[in-house]
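J.: Each chain, letter by letter, is given below.
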Amino acid sequence: MVNPISKAGAWVLAKAANSKPYKALENKVDRTTADNIIAYTTIGSVAAKDIVGCAMYVYQSLNNDKIPEKRRRFVAALDLTNGVLMVASQVAMFFAMRRINEKLFHGLLKSFDKEGVHFGKYCRQIRANERNLTKDPSKVTDKSELRTEYASMKDMAFSLFKSVTELAAATIVAKRIIVPFIATPLASKVEKMMNKKDYEQSEADANNQNPAMKGNAEELKQIPEQTEAADGNTNLLDKYRKQSYIA
Amino acid sequence: MKIDSVKQNYLTGYSAQKGVNNLSKPLSVNKAPAFTGSKLTATQEAFLSLFPSFEKKLYKIMTAVSDYAKGEVGGIVINSIGTGAVAPWFIAFNPLVKAKPGASAEEEEEVSKTKKYTAMRQPVSAALAILIQVGVQKPIDKYLQNVTNNPEMSNFFKGWVLNQASLQDEKYITRQINNGKIPLLAGESVSDAVTRIKKEQVDNIITSLKNEGKIKMGNFDINDKAIAKVVNNRIDDYIAFARDQQIDDTHFRKYVVRSAELWENREKLNEILGREALDKLPKLENGNIDPKELKKYLREQRKQAPNIEVKRILNEIIQDMPSTRESFCSRTLERIPKIEEACGKKYSMDAYRNYLRDFNAAYETKIDALAELKIQDVENAKPETIKETIKKLVEICSFKDDKSGKFSKIFRDNGIFKPESKFEELESKVYNDVVSSYKEFVGHKYGIFKQLSKVAVGVAVTLPITCYALNWVYPRFMDIFFPSLGKSNAKAKAEPSGNQGGNK
Numbered sequence: 001m002v003n004p005i006s007k008a009g010a011w012v013l014a015k016a017a018n019s020k021p022y023k024a025l026e027n028k029v030d031r032t033t034a035d036n037i038i039a040y041t042t043i044g045s046v047a048a049k050d051i052v053g054c055a056m057y058v059y060q061s062l063n064n065d066k067i068p069e070k071r072r073r074f075v076a077a078l079d080l081t082n083g084v085l086m087v088a089s090q091v092a093m094f095f096a097m098r099r100i101n102e103k104l105f106h107g108l109l110k111s112f113d114k115e116g117v118h119f120g121k122y123c124r125q126i127r128a129n130e131r132n133l134t135k136d137p138s139k140v141t142d143k144s145e146l147r148t149e150y151a152s153m154k155d156m157a158f159s160l161f162k163s164v165t166e167l168a169a170a171t172i173v174a175k176r177i178i179v180p181f182i183a184t185p186l187a188s189k190v191e192k193m194m195n196k197k198d199y200e201q202s203e204a205d206a207n208n209q210n211p212a213m214k215g216n217a218e219e220l221k222q223i224p225e226q227t228e229a230a231d232g233n234t235n236l237l238d239k240y241r242k243q244s245y246i247a
Numbered sequence: 248m249k250i251d252s253v254k255q256n257y258l259t260g261y262s263a264q265k266g267v268n269n270l271s272k273p274l275s276v277n278k279a280p281a282f283t284g285s286k287l288t289a290t291q292e293a294f295l296s297l298f299p300s301f302e303k304k305l306y307k308i309m310t311a312v313s314d315y316a317k318g319e320v321g322g323i324v325i326n327s328i329g330t331g332a333v334a335p336w337f338i339a340f341n342p343l344v345k346a347k348p349g350a351s352a353e354e355e356e357e358v359s360k361t362k363k364y365t366a367m368r369q370p371v372s373a374a375l376a377i378l379i380q381v382g383v384q385k386p387i388d389k390y391l392q393n394v395t396n397n398p399e400m401s402n403f404f405k406g407w408v409l410n411q412a413s414l415q416d417e418k419y420i421t422r423q424i425n426n427g428k429i430p431l432l433a434g435e436s437v438s439d440a441v442t443r444i445k446k447e448q449v450d451n452i453i454t455s456l457k458n459e460g461k462i463k464m465g466n467f468d469i470n471d472k473a474i475a476k477v478v479n480n481r482i483d484d485y486i487a488f489a490r491d492q493q494i495d496d497t498h499f500r501k502y503v504v505r506s507a508e509l510w511e512n513r514e515k516l517n518e519i520l521g522r523e524a525l526d527k528l529p530k531l532e533n534g535n536i537d538p539k540e541l542k543k544y545l546r547e548q549r550k551q552a553p554n555i556e557v558k559r560i561l562n563e564i565i566q567d568m569p570s571t572r573e574s575f576c577s578r579t580l581e582r583i584p585k586i587e588e589a590c591g592k593k594y595s596m597d598a599y600r601n602y603l604r605d606f607n608a609a610y611e612t613k614i615d616a617l618a619e620l621k622i623q624d625v626e627n628a629k630p631e632t633i634k635e636t637i638k639k640l641v642e643i644c645s646f647k648d649d650k651s652g653k654f655s656k657i658f659r660d661n662g663i664f665k666p667e668s669k670f671e672e673l674e675s676k677v678y679n680d681v682v683s684s685y686k687e688f689v690g691h692k693y694g695i696f697k698q699l700s701k702v703a704v705g706v707a708v709t710l711p712i713t714c715y716a717l718n719w720v721y722p723r724f725m726d727i728f729f730p731s732l733g734k735s736n737a738k739a740k741a742e743p744s745g746n747q748g749g750n751k
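If you read the sequences in order, they're chains Y and X.
Following our numbering, the numbering of the first sequence begins with 1 at its first residue and continues without gaps.
Following our numbering, the numbering of the second sequence begins with 248 at its first residue and continues without gaps.
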């Protein structure tokens, strides 16, 4: 007897599996595309999580009472810039790695060379050993069977290698090495740009509408141009907060 | 002439050399490649034992982690490696983050401590991601397996391949047995029971396919389109097998020339390479001829060879790997009677050339018949069409109508082709192959379904949980394990704990 919660879950899953978008995707799945689709959904998952994370940062920045109201949009914009940069760089790195991983694979595992030289060598060795052992040529494994087994080994290794290298390129090299180095100078530029815009806006406000705001504009002018994130990552709310004691 | 020309077994062996160039295409004829990788077979172990040491170790590691390093789990683990092992260094020692110009030593130290304090957030975040996000994968796997294998729940998937109630997963069956829901027969072990149940299920599917051209799952029939696709996939595999068996006709001339060399020098070669001569050579402990001594002997024989052809053949054997040299001698001699037989006991170059052509033509006939058999209108395939197609597939793979004996000589009960005497065996094999293709087909669809389910749970449930857990754990972890980093800078200690977000 199945409990009602499990049954309800099954009902939901079945509904999702019968939905048009899922069916459209599933129709594309066959033995030649399954590995690719798994890879795309995996990088899609990484990107989706970063998008959710970025959205949470932006939401927090926009609704954080501890940040002066005038700065919230600015901090949120910087968080968004970094989130976009992170997602874009990971996706780009994933596809870049897809282009070269076959070469890398054959370089690393020479036993699976493209030309099949090693396969021929191993095949003869295996068959010679069997012949020596059994002393009966008819008991030697057929080459087609050896080829199938070898192809299965190669398929498993290459599929795994592709998956790991593509993910590593995206989530380690792009996200953790490249992005922090691009993000910091980029954040400074965006900040400088926004400061300038805010300053011009404040000055215009001060001149045209409310002279009392002039003080604020002067204050904005004093914001240091070079602010740096201590952790080099995307959370510019952290960065904004640390400004007071780092820069 | 290169070694390759002698390596070929003219009658059966060319396919291996040819096939390796096509390893990227699906080669599964008898054994469908595992969807997620699996333990090694005896033949694969034999291959592995010949790999260089580094590659052997690497491959073993790959086999061990293959079930986990791909898909959602792989994504989480690799992402966590980046977060936990790489990111902290780039944060703690980021040269772009520094104290303002002219800052005091104390201020500089503050910055350094802040960077380290922030860097430590990453390993904590990675550990939590692995603990929570990976930890939830197994229950998801189990639940989805239950949903799709349990007849009561899988009936939600009416007529679609995700319903696996009548062809259940091995792990699911094992769990059912262990939970006492499936009784064991007297004296039966769990693994025997799993094998028995799986066989019963496959047999039921085969009966249903044979009689009705349908696959029944629970109370529903799987849709005909899916089964038609599966049957076509199986036919494609058989075509691929037959193609691999064909001899590359661009090398016909080389093979014919070599056959003449072997035939004309058969007596001399028998004298040099026959067991009588070789058995006189010193042997190793395992009973094989010492390869060094064999090489020495062959070199001497090469010097006395009566013609350039014999010299060339011996030279190729000498240059072969020590471990295969002895068997190379035997294989060279075995080819001579095979060449004779191929020519109808009366050797001539023309007869051998004709044999090679006939050989390819025989396979081409089967390939054409198989290609023609494929179900054209998959979208609207009817059970009757499916039923008839599989029946015809069995007929094509047998060569029972071979009155001339030509096909019998060529196919020799290899792989997918069998003689009339083995018709029942062939029939069973074809139906089992179709079911195996069906399993593979379902495996791919199920793999995507599982992956998307995990992504959905990851993004909507486990990621926010991980974020909130991080905000709770991180400041406490720092207080307990790195109090100096926190206490020395009150601001640094106080500020980060209020943040939320997942991309850290």
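Mixed in with the good hints there might be a few duds.
Unchecked claim - Distance condition first, Cα-Cα at most 25 Å in a straight line; then the derived DSS-like pairs of lysine-lysine:
| # | chain 1 | residue 1 | chain 2 | residue 2 |
| --- | --- | --- | --- | --- |
| 1 | X | Lys457 | X | Lys446 |
| 2 | Y | Lys139 | X | Lys385 |
| 3 | X | Lys385 | Y | Lys15 |
| 4 | X | Lys363 | X | Lys345 |
| 5 | Y | Lys23 | X | Lys629 |
To be clear, the hints were calculated from the coordinates, so they are not data collected in a lab.
J.: Taking the earlier hints as the rules, which of them does this structure contradict?
T.: Per hint list: single violation, 2.
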